[in-house]
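Sequences are here, hints too, so could you generate the full structure?
Next come the chains, spelled out residue by residue.
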Amino acid sequence: MPDEEPGTPVPPGGEDPGVVTLTIPCAPEYVGTARLTILGVASRMGFSYDQVEDIRLAVGEACTNAIDRVARGGNGSGPGSITIRSHVETGRLTIEVEDHTGNGAAADGDAQARPVEEIDPQELGALLMEILVDEVAVEPLPEGGTLVRLTKYTAEG
Amino acid sequence: MPDEEPGTPVPPGGEDPGVVTLTIPCAPEYVGTARLTILGVASRMGFSYDQVEDIRLAVGEACTNAIDRVARGGNGSGPGSITIRSHVETGRLTIEVEDHTGNGAAADGDAQARPVEEIDPQELGALLMEILVDEVAVEPLPEGGTLVRLTKYTAEG
Amino acid sequence: METAMNLKVSPRAVDGTQVLDLEGEVDVYTAPLLRQAIVDLVEGGATHVLINLERVDYLDSTGLGILIGGVKRLKEQGGALRLVGPSARITRIFEITGLNKIFDVYATERDALAAGGR
Amino acid sequence: METAMNLKVSPRAVDGTQVLDLEGEVDVYTAPLLRQAIVDLVEGGATHVLINLERVDYLDSTGLGILIGGVKRLKEQGGALRLVGPSARITRIFEITGLNKIFDVYATERDALAAGGR
Ligand SMILES: Nc1ncnc2c1ncn2[C@@H]1O[C@H](COP(=O)(O)OP(=O)(O)O)[C@@H](O)[C@H]1O
Ligand SMILES: Nc1ncnc2c1ncn2[C@@H]1O[C@H](COP(=O)(O)OP(=O)(O)O)[C@@H](O)[C@H]1O
Numbered sequence: 000m001p002d003e004e005p006g007t008p009v010p011p012g013g014e015d016p017g018v019v020t021l022t023i024p025c026a027p028e029y030v031g032t033a034r035l036t037i038l039g040v041a042s043r044m045g046f047s048y049d050q051v052e053d054i055r056l057a058v059g060e061a062c063t064n065a066i067d068r069v070a071r072g073g074n075g076s077g078p079g080s081i082t083i084r085s086h087v088e089t090g091r092l093t094i095e096v097e098d099h100t101g102n103g104a105a106a107d108g109d110a111q112a113r114p115v116e117e118i119d120p121q122e123l124g125a126l127l128m129e130i131l132v133d134e135v136a137v138e139p140l141p142e143g144g145t146l147v148r149l150t151k152y153t154a155e156g
Numbered sequence: 000m001p002d003e004e005p006g007t008p009v010p011p012g013g014e015d016p017g018v019v020t021l022t023i024p025c026a027p028e029y030v031g032t033a034r035l036t037i038l039g040v041a042s043r044m045g046f047s048y049d050q051v052e053d054i055r056l057a058v059g060e061a062c063t064n065a066i067d068r069v070a071r072g073g074n075g076s077g078p079g080s081i082t083i084r085s086h087v088e089t090g091r092l093t094i095e096v097e098d099h100t101g102n103g104a105a106a107d108g109d110a111q112a113r114p115v116e117e118i119d120p121q122e123l124g125a126l127l128m129e130i131l132v133d134e135v136a137v138e139p140l141p142e143g144g145t146l147v148r149l150t151k152y153t154a155e156g
Numbered sequence: 000m001e002t003a004m005n006l007k008v009s010p011r012a013v014d015g016t017q018v019l020d021l022e023g024e025v026d027v028y029t030a031p032l033l034r035q036a037i038v039d040l041v042e043g044g045a046t047h048v049l050i051n052l053e054r055v056d057y058l059d060s061t062g063l064g065i066l067i068g069g070v071k072r073l074k075e076q077g078g079a080l081r082l083v084g085p086s087a088r089i090t091r092i093f094e095i096t097g098l099n100k101i102f103d104v105y106a107t108e109r110d111a112l113a114a115g116g117r
Numbered sequence: 000m001e002t003a004m005n006l007k008v009s010p011r012a013v014d015g016t017q018v019l020d021l022e023g024e025v026d027v028y029t030a031p032l033l034r035q036a037i038v039d040l041v042e043g044g045a046t047h048v049l050i051n052l053e054r055v056d057y058l059d060s061t062g063l064g065i066l067i068g069g070v071k072r073l074k075e076q077g078g079a080l081r082l083v084g085p086s087a088r089i090t091r092i093f094e095i096t097g098l099n100k101i102f103d104v105y106a107t108e109r110d111a112l113a114a115g116g117r
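Residue numbers (numbering that gives the first Met the number 0), protein chains in the order written: chain E, 0 to 156; chain S, 0 to 156; chain Z, 0 to 117; chain H, 0 to 117.
In case anyone wonders, no lab produced these hints; they're calculated from the structure. Glycine residues also receive a C-beta, built at the ideal position from the N, C-alpha and C atoms. Watch out, some of these pointers could steer you wrong.
Below, a list of computed lysine to aspartate or glutamate pairs in the DMTMM-like style, where the Cα atoms sit at most 25 Å apart [unchecked claim]:
{"no.": "1", "chain 1": "H", "residue 1": "Lys7", "chain 2": "E", "residue 2": "Asp67"}
{"no.": "2", "chain 1": "Z", "residue 1": "Lys7", "chain 2": "S", "residue 2": "Glu129"}
{"no.": "3", "chain 1": "H", "residue 1": "Lys74", "chain 2": "H", "residue 2": "Glu53"}
{"no.": "4", "chain 1": "Z", "residue 1": "Lys100", "chain 2": "S", "residue 2": "Glu28"}
{"no.": "5", "chain 1": "Z", "residue 1": "Lys7", "chain 2": "S", "residue 2": "Glu138"}
{"no.": "6", "chain 1": "Z", "residue 1": "Lys71", "chain 2": "Z", "residue 2": "Asp103"}
{"no.": "7", "chain 1": "H", "residue 1": "Lys71", "chain 2": "E", "residue 2": "Glu122"}
{"no.": "8", "chain 1": "H", "residue 1": "Lys100", "chain 2": "E", "residue 2": "Glu129"}
{"no.": "9", "chain 1": "Z", "residue 1": "Lys71", "chain 2": "Z", "residue 2": "Glu53"}
{"no.": "10", "chain 1": "H", "residue 1": "Lys7", "chain 2": "S", "residue 2": "Asp49"}
{"no.": "11", "chain 1": "H", "residue 1": "Lys71", "chain 2": "E", "residue 2": "Asp67"}
{"no.": "12", "chain 1": "H", "residue 1": "Lys7", "chain 2": "E", "residue 2": "Glu129"}
{"no.": "13", "chain 1": "H", "residue 1": "Lys71", "chain 2": "H", "residue 2": "Glu108"}
{"no.": "14", "chain 1": "H", "residue 1": "Lys100", "chain 2": "E", "residue 2": "Glu122"}
{"no.": "15", "chain 1": "H", "residue 1": "Lys74", "chain 2": "H", "residue 2": "Glu108"}
{"no.": "16", "chain 1": "H", "residue 1": "Lys100", "chain 2": "E", "residue 2": "Glu28"}
{"no.": "17", "chain 1": "H", "residue 1": "Lys7", "chain 2": "H", "residue 2": "Glu42"}
From the derived model, a few chain S residues whose C-beta atoms are all more than 10 Å from chain E [stated by the list, open to error]:
{"no.": "18", "residue": "Phe46"}
{"no.": "19", "residue": "Gln50"}
{"no.": "20", "residue": "Thr89"}
{"no.": "21", "residue": "Thr150"}
Residues from chain S that face chain Z, not an exhaustive set, calculated with beta carbons under 10 Å [said to hold, decoys possible]:
{"no.": "22", "residue": "Glu28"}
{"no.": "23", "residue": "Arg55"}
{"no.": "24", "residue": "Leu56"}
{"no.": "25", "residue": "Thr63"}
{"no.": "26", "residue": "Asn64"}
{"no.": "27", "residue": "Glu122"}
{"no.": "28", "residue": "Gly124"}
{"no.": "29", "residue": "Leu127"}
{"no.": "30", "residue": "Glu134"}
{"no.": "31", "residue": "Ala136"}
{"no.": "32", "residue": "Arg148"}
Next comes the structure, spelled out in structure tokens:
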């Protein structure tokens, strides 16, 4: 995944991902805005209605995770922000949800392995992401915070 | 208007604008995404339905202006990007639409003074912005591109 | 939540009058579709065109410019462009821009057809 | 385009059964409203609660967690939480998470009321 800055012009002749970057305060009332932005990005890409909704919910869960982490272990320097970077490519949408909240990753990837009766709401969010998109990668950021990378293919992979 | 970076934590005890920043490629197919983001921001702020639609249209016009400028005088280094920065404050929404396209400002503010028969579609966009929001400021950016600042008050000013 | 952020332009004819049914958003991205549809009708010899806006929920200056262009072009042919069923929201846009003085607007398709012309 | 990005929670009673009509989106922002409404009913002595999801167009893990909590709490009181009219979309979410095995779901309010209990 190219890590280019949104303002950087696409190199001529190279791959041409349209990059849409949204930054919101890490607070519950802004998650709806992120979902609307993602609706705008995904609905122009040839995804089915259900696939668009899957992406919207997965991104919502990634944002909710970030907010929950802050609520449970805030670092005292304000709520921080969440950056949602969408890379639009032919046949593929990759969305990176990055929180700059000074708290390390909490979500683990293997929620799906446990019986549903034992998982809590936050693990439910991780489970949903795993089911709703084709690839999920979660990694702590060196400067604090967490990066969640969600990938969905237009031809259901 | 504070010019802070979106990632910067709000200073404790200071004014507390929620900042939502969206960056899109400067291309027609992304303007709908910008309008959806703005819908998300404005619809949580106590604006009426018509006011939300006014803001959406004004932001759409600002983006369209930027795209038209690039289409008519591209600087050859790719389409560039548009950044839409929304500052959410009690009673006031300020949206800065900034294009990084290397082309100076074209829109002039006095479109409203002329008879409608003489204006062209682009001036129609400038006229709409003037009518739809409470304050419009247009300035060329030193590094190229244009900044349009739109302000709307929740209690109709 | 609607995911449609697009424009559908469907031409049809009613008693010899050309009608364009629009559905969705007319903006800088979709407006070329509308422009082309009008150009096609004019090149096909149409002089009286009716544009149904009932299902249009967004119209920006690009769309307004194309409608204005259509009005002018059809007037030059001795014809007319009529608009049908704009929402309260779009009616407001016509009013605040003063374009209600240029556009020929009807509440229903029947009213527009009754106004005469081929 | 709907501008509603909120949740409306309206309590009412039908033949002694407490009903919560939900409208809008249940997410991390709005879910506390739903949690509080359920807590209020339970503290008011309700044992059988019916939640109408017909007009809910978004439900995330926060909302699911609260519904699960409601199911558990009412079961502890010897009662039940019943869900009415989830959209195809939300039914799908129940299925992919396996929560359809935990939730008591009915197509209509009538069906849910007919299932008995106070
Ligand atoms: N407010 C207005 N009043 C009258 N004429 C207008 C107005 N705005 C634009 N026009 C004219 O309408 C015509 C159509 O503009 P345009 O959007 O370029 O359509 P086209 O490319 O089909 O001609 C142009 O001749 C333009 O000068
Ligand atoms: N998938 C699940 N299956 C069973 N129980 C769950 C599941 N997810 C969460 N729970 C439980 O549901 C309860 C409600 O969680 P929560 O959202 O905190 O609601 P509340 O604050 O009202 O108790 C918790 O006890 C939690 O452990």
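Which numbered hints fail: 2, 4, 5, 12, 16, 30, 31 and 32
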